[in-house]
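Asker: Sequence:
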Amino acid sequence: MTESLVTIVVVPRERFSAARQSLDSIYEHTEQPFALVYVDGGSPPDVRLYLEEQAKNRSFELVQFEEYLPPNRARNAGLARVQSKYVVFMDNDVIVAPGWLNALVECAEKTGAAVVSPLTCIGQPLHRIIHCAGGEAHIATTGSQGSAQRRAHEKIYLANRTVDEVRSRLRREPTELAEFHCVLVRTDIFERIGQLDEAMLNTREHIDFSMMVSQSGGTVYFEPDSVVTYLPGPPLQWQDIHFYMLRWSDAWEWSSLQHFRQKWNLTEDEFFKNRYKRLGWRRRMTLIRPWARKFSLLGKPFSIVIEQVLLRLDRPLNWWLTRRYAARSQG
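Be aware that the sequence shown starts at 1, since it is given in the UniProt record's numbering, and climbs by one per residue.
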């Protein structure tokens with residue numbers, strides 16, 4: 001790994017069914033030499049076999065775990081094996097465009113940036129709809145001394161705009177926010193900030209990391225000449241659903257929000273209160289509601305009843321899955 005300037009660390013995001021397409025795109029569209037560490041946790045047998053074959057054929061390091069992994073735990077497992085100047089963290093549902101890595105490295109080399117974020121798009125067709133073009137991530141303090149309130153401010157630039165309509169506005173520039181779909185990091189920044197916070201299980205981890213880098217004196221840049229696309233769920237294959245439900249479980253979200261608030265000494269404002277009320281919102285939007293709509297041919301009232309039944313089953317099932325995972329991990 002000392003021969004390459006960059007090590008790419010691929011980790012599971014929320015499902016496994018895009019793993020082949022993602023890995024193939026890395027090897028097809030990456031001109032610059034790189035080392036690859038692929039962290040796999042709990043993948044189904046066909047994906048596990050595919051990764052083992054690819055690791056052998058393409059000579060990359062495959063780090064395997066039997067259990068599902070929270071993202072930062074997976075990233076740290078990969079980071080521990082990195083010896084290069086830069087590390088790229090990438091989720092296993094990301095498709096890269098030609099020249100993506102060259103542009104990230106060039107930006108880091110010319111600017112001295114600790115972190116470089118690509119232009120991250122979302123969905124099909126590839127590289128068309130913007131998901132994140134940099135943004136803002138910092139603590140905003142309001143009120144007078146004694147009644148001051150601390151809030152985490154986040155703003156993502158140009159989300160849901162088409163690349164074509166804003167292309168003339170895109171330029172390399174400092175930013176405050178990078179997301180973990182794909183991000184290049186100067187490896188020695190971890191000597192200052194420590195490893196990624198594994199108590200951030202499923203939300204706010206990108207804000208936490210971005211603010212940690214800024215707090216340590218590191219800079220974050222946005223590089224629009226590097227383009228990647230994240231392929232979101234919902235999980236379409238049964239083998240993905242267990243991991244997806246754990247990844248977006250009530251327990252993981254609650255724990256992450258609590259830890260984030262306490263770590264940064266944030267006011268428990270309406271943002272947190274609303275998030276507590278909406279625990280499980282992603283499962284409802286991407287699993288329960290689509291399943292219920294399959295019964296719409298029987299009439300909308302019947303579809304609504306099915307959705308309500310599924311919602312009542314979701315919470316106890318999600319609690320059981322989370323407890324089962326925790327027991328296995330501790331065992």
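Source of the hints: derived by calculation from the structure; they are not laboratory data. Treat the numbers as computed from the prediction; the structure is a model and nothing was measured. Cβ coordinates follow ideal geometry from the N, Cα and C atoms, glycine included. Mixed in with the good hints, there may be bad ones.
As the list claims (entries may be wrong) - Restricting the straight-line Cα-Cα distance to at most 30 Å, the calculated cross-link-like pairs of lysine-lysine (DSS-like) are: (1) K263 to K155; (2) K277 to K155; (3) K263 to K273; (4) K155 to K273; (5) K294 to K277; (6) K300 to K263; (7) K85 to K300; (8) K155 to K110; (9) K56 to K85; (10) K277 to K263; (11) K263 to K294.
What the hints assert, rightly or not - Just the calculated beta-carbon pair ranges, DEER-fashion: (12) S329 to E52: 17 to 27 Å; (13) Q262 to L313: 27 to 37 Å; (14) Y27 to E66: 39 to 49 Å.
Asker: Run every hint past the structure and note whether it holds.
Answerer: Now for the hints, and whether the structure bears them out:
no.: 1; hint: K263 to K155; verdict: holds, 20 Å
no.: 2; hint: K277 to K155; verdict: holds, 22 Å
no.: 3; hint: K263 to K273; verdict: holds, 17 Å
no.: 4; hint: K155 to K273; verdict: holds, 19 Å
no.: 5; hint: K294 to K277; verdict: holds, 27 Å
no.: 6; hint: K300 to K263; verdict: violated, 45 Å
no.: 7; hint: K85 to K300; verdict: violated, 57 Å
no.: 8; hint: K155 to K110; verdict: holds, 26 Å
no.: 9; hint: K56 to K85; verdict: holds, 25 Å
no.: 10; hint: K277 to K263; verdict: holds, 21 Å
no.: 11; hint: K263 to K294; verdict: violated, 43 Å
no.: 12; hint: S329 to E52: 17 to 27 Å; verdict: holds, 23 Å
no.: 13; hint: Q262 to L313: 27 to 37 Å; verdict: holds, 32 Å
no.: 14; hint: Y27 to E66: 39 to 49 Å; verdict: violated, 27 Å
Violated hints for the displayed structure, listed by number in ascending order: 6, 7, 11, 14.
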